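Protein sequences appear in the order of chains A and B.
In terms of the working numbering, the first sequence has 281 at position 281, counting the first letter as 1, and numbering is strictly consecutive.
In terms of the working numbering, the second sequence has 47 at position 47, counting the first letter as 1, and numbering is strictly consecutive.
I should point out that these hints are in silico values taken from the structure, not numbers from a laboratory.
In this text, all values refer to a predicted model and were calculated from it rather than measured experimentally.
Built from N, CA and C at the ideal position, the CB exists for glycine as well.
Among the hints, a few may not be true.
The calculated BS3-like cross-link candidates involving lysine-lysine, where the alpha carbons are at most 27 Å apart (straight line), are [unchecked claim]:
1) 125/B / 43/B
2) 45/B / 336/A
3) 54/B / 336/A
4) 54/B / 43/B
5) 125/B / 54/B
6) 434/B / 333/A
7) 43/B / 58/B
8) 336/A / 402/B
9) 333/A / 125/B
10) 299/B / 104/A
11) 104/A / 212/B
12) 54/B / 314/B
13) 104/A / 434/B
14) 331/A / 104/A
15) 356/B / 336/A
16) 54/B / 331/A
17) 212/B / 314/B
18) 434/B / 58/B
19) 314/B / 299/B
20) 351/B / 43/B
21) 212/B / 43/B
22) 434/B / 45/B
23) 336/A / 307/B
24) 251/A / 331/A
25) 331/A / 125/B
26) 58/B / 331/A
27) 58/B / 125/B
28) 104/A / 251/A
29) 333/A / 58/B
30) 43/B / 336/A
31) 212/B / 434/B
32) 45/B / 351/B
33) 58/B / 104/A
34) 54/B / 434/B
35) 58/B / 45/B
36) 54/B / 333/A
Covered by chain B, according to a simulated footprint, are these stretches of chain A (three or more residues, beta-carbon under 8 Å) [said to hold, decoys possible]:
37) 50 to 58
38) 85 to 93
39) 99 to 113
40) 213 to 219
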Amino acid sequence: MDINVIWFLLVGILLTGYAVLDGFDLGVGVLHLFIRNDEYRRVFLNAIGPVWDGNEVWLVTGGGALFAAFPTVYASAFSGFYMAFMLLLAALIFRAVAIEFRSKEPWAWWRNLWDAVFALGSIVSTVLFGIALGNIIAGLPIGEDTYFTQTGLLGLLAPYPVLVGLFVLSLFTLHGAIYLNLKTEGELQDQIRLWVLRGFGFFNVLYMMTTVATIVWYPHMIDNFSRYPWAWVIAGLTMLAIANIPRTMHKGLEYQALFTSGAVISGTFALFGLGLFPDLLPSRLNPDWSLTIYNAASSPQTLHIMLIIALIGMPFVLAYTVSIYWMFRGKVKVDKFSY
Amino acid sequence: MAMDPVTLSRVQFAWTIMFHYLFPPLSIGLGGLLVLMEGMYLKTKNPLYEAMTKFWVKVFALNFSMGVATGIVMEFQFGTNWATYSRFVGDVFGAALASEGIFAFFLESGFLAVLLFGWNRVSPKVHFFATCMVAFGATFSAFWINVANSWQQIPVGHRIVAHAGELRAEVADFWAVILGPSTLERFTHAVLGGWIQASFFVMSIAAFYLLKQRHLDFARRSFVIALITAALVTPLQAMVGSRQGEIVGEYQPAKLAAFEAHYHTSRQAPLWLIGFPDEAHDTVRFGVPIPGLVSFLSKGDFNAEVKGLLDFPKQDRPPVAVPFYSFRLMVGIGMYLIALSWLGLYLFWRKTLFQKRWLLWVFVFSVLGPYIANQAGWVAAEVGRQPWIVYGILRTQEAASKVVVAQDILWSIAMFTAIYGLLFLIFLYSLNRKIQHGPDPVAESPQAHHRPVQEWMELTGERNDPADKTDWVDEG
Chain A
1 MDINVIWFLL VGILLTGYAV LDGFDLGVGV LHLFIRNDEY RRVFLNAIGP VWDGNEVWLV
61 TGGGALFAAF PTVYASAFSG FYMAFMLLLA ALIFRAVAIE FRSKEPWAWW RNLWDAVFAL
121 GSIVSTVLFG IALGNIIAGL PIGEDTYFTQ TGLLGLLAPY PVLVGLFVLS LFTLHGAIYL
181 NLKTEGELQD QIRLWVLRGF GFFNVLYMMT TVATIVWYPH MIDNFSRYPW AWVIAGLTML
241 AIANIPRTMH KGLEYQALFT SGAVISGTFA LFGLGLFPDL LPSRLNPDWS LTIYNAASSP
301 QTLHIMLIIA LIGMPFVLAY TVSIYWMFRG KVKVDKFSY
Chain B
1 MAMDPVTLSR VQFAWTIMFH YLFPPLSIGL GGLLVLMEGM YLKTKNPLYE AMTKFWVKVF
61 ALNFSMGVAT GIVMEFQFGT NWATYSRFVG DVFGAALASE GIFAFFLESG FLAVLLFGWN
121 RVSPKVHFFA TCMVAFGATF SAFWINVANS WQQIPVGHRI VAHAGELRAE VADFWAVILG
181 PSTLERFTHA VLGGWIQASF FVMSIAAFYL LKQRHLDFAR RSFVIALITA ALVTPLQAMV
241 GSRQGEIVGE YQPAKLAAFE AHYHTSRQAP LWLIGFPDEA HDTVRFGVPI PGLVSFLSKG
301 DFNAEVKGLL DFPKQDRPPV AVPFYSFRLM VGIGMYLIAL SWLGLYLFWR KTLFQKRWLL
361 WVFVFSVLGP YIANQAGWVA AEVGRQPWIV YGILRTQEAA SKVVVAQDIL WSIAMFTAIY
421 GLLFLIFLYS LNRKIQHGPD PVAESPQAHH RPVQEWMELT GERNDPADKT DWVDEG
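Assemble the whole structure, with the sequences as input and the hints as a guide.
Next comes the structure, spelled out in structure tokens:
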């Protein structure tokens, strides 16, 4: 395994870590308006209260790692998706502000306004992530000079990327509901269990549609399955993980359910990465113009230095993450330090 | 001209970075002050320090969340608006940004949760540790950003290599990139700027309470901790800044010439105390010079020759007016802050500080000083680097994203203006609410407060006047 492959994995791990961790924050946001009661909405916010900010750091660090390891991809994708990124930034900022200020005033209009902003920010960012993934699978208008030949928001909204956007929305919503199941109790938890059940239905339909559409329209995404037969193992494990969700929910295994939906997200992202490999951004204009883990990478020396930095840093990151989740384990109690 | 994408991207970057930079300096400095306050609480068990820590943590959290929300924009904007730059420098500059994420951001965000929500969940010692880690994380973050910026200012430790048909900078000597000629000075300058920001911020709110006769013990003690900090840090900042001037003179002579509006190469180069650079005629009008001072400050010799702007090729000259004025603004405010904090310290020693209402009002408004100085310092540093985005290697004109059209950038500038305007209003509103609410009253415990309050009275020369009855001590 060469250093470029290691960095492909590391960037993938950071972005998957982001999807697993912030995935449920975003999912909670999507579900926020479905509950009407103000006290329950505070429970929702405080379920993610101590962790959402740290979860978002995975995205920021993933972006930084992409910049350091594959600068050509960072430059090309961020400038090519200009308006989509601006919209994403707006959604993420509004979302953060809504969490921060929503419960600071008792007025109903104030809270309703920020609740709507929180939900909308979560939905928009989730769907945008999915649309970006869908466009990458479908191939990007990358020219010979490594940059997009056309930009613009509307060009991103072809049916397939929109389908992937909805799929990611259902994935994160389900994940968020399963997280809330862990953090709530009583009547509210009963309600959430119902959502998990319904969410699971939506998710399955969209998962099936997305899988079929990908195989039919973009068969190159499964080329690597014949090259690396162990890819079937990942696909199989992902299926098993999906089947494990209703089982764990039925048995009331709250932690296992959350780990399982995390595994579904990780498996799905792994299959996405495997389908692209060794491309990072495929060009639909000419396969030779695709940005790969080789032609878009930093120098081997920088990749080696960055690997040492990652090896020093990641154990700390994991230690903080685990201790914070351990410290704030258990059901949500709203107190005077809460949102 | 205004529709040129490069200019628009510059406008957007300047606007978003200046707005972002309203918040990090306060986080860096206030983080440090929180370590002091909570450390004093652990040591003395005086509940006054606990009330102080809890109050300033709330302000810290508000400020920090603003910094995070506006900081994500910065991380993405290199790629969105400066794609050519990103491609060119990613091998060097990207590493510093990724390191900031992995070493500093995770640390800050993780322990911030303990700091804010952990009061009832962890022991006081663990909480104090979390405070230390948040303060350390904010400072460490500043380190990596200054590594990145210092390389842009004085690029060293790299080589220019052809990659996939285009030139780019690659790391040749990692440690030389990390510890460039100006990195430590620039980092120290930024961190001290944060400490000054935080001490004047604390003094401003404390002085307001003293004037309004609210939370008096809380306000006095907060004020004094911040005053001592400011009196120590402001002169130190002047020394670090002066050292930075020497570095600029050595490595970025055109920038020094712009700071000083020094057009013609000469010995005994003068420092213009004030003056109006006339860029059309390459001269300074109505100036008050101190002969030889620029020679002395940059080279250590009043007779040393300092190269003038006109001896640089025209396409390599930075603009003069903006660096010249913003540099003077920063230095002027710095001098004012040194004088103000030492005057305050002297009057505190004379035990008359808290009776001087006019001076307390001066302190209330002087919080604007460090805000303006921190911004002006960066403006001088960044505009002075022009026309280069990486000094001597890559021009700003060539660094922007070529595929992004002017109309999209106009749109995003409008979006950021709307969002940041709203954010700023909410920030001011929330800050005002926290100030009006004030610290929580301290739980009544006979040993805990009477003695320290008595001691304090003796120390400050305050008499127990009836107005103190409104204070939290009696609310218990």
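Keeping to a limit of 27 Å between CA atoms, is the pair of residue 333/A and residue 125/B held or broken? Cα-Cα ~23 Å, so holds.
Within 27 Å, alpha carbon to alpha carbon, are residue 54/B and residue 314/B? Judged against 27 Å, a Cα distance of about 56 Å means the pair is violated.
Please verify whether residue 45/B and residue 351/B have alpha carbons no more than 27 Å apart. holds (26 Å)
Holds or violated: are the alpha carbons of residue 434/B and residue 58/B at most 27 Å from each other? Given pair residue 434/B, residue 58/B holds - Cα atoms ~8 Å apart, limit 27 Å.
Tell me if the straight-line CA distance from residue 212/B to residue 43/B falls inside 27 Å. violated (30 Å)
If you draw a straight line from the CA of residue 58/B to the CA of residue 104/A, is it 27 Å or shorter? holds (12 Å)
Starting from residue 212/B, check that the Cα of residue 314/B is at most 27 Å away, please. violated (57 Å)
Assess, step by step, whether the Cα of residue 54/B is no farther than 27 Å from the Cα of residue 43/B, and give holds or violated. Judged against 27 Å, a Cα distance of about 16 Å means the pair holds.
Residue 434/B and residue 333/A: Cα distance at most 27 Å? Answer holds: residue 434/B to residue 333/A is near 24 Å, not above 27 Å.
Run the distance test for residue 54/B versus residue 333/A: straight-line Cα separation, threshold 27 Å. holds (20 Å)
Taking 27 Å as the top limit, are the C-alpha atoms of residue 54/B and residue 336/A close enough? Holds. Residue 54/B to residue 336/A sits at ~12 Å (cutoff 27 Å).
Please work out if residue 434/B and residue 45/B have their alpha carbons no farther apart than 27 Å. This hinted pair holds, its Cα atoms lying about 25 Å apart.
Going down the numbered hints, you'll see the structure goes against 8, 10, 12, 15, 17, 21, 23, 28 and 40, while the others check out.
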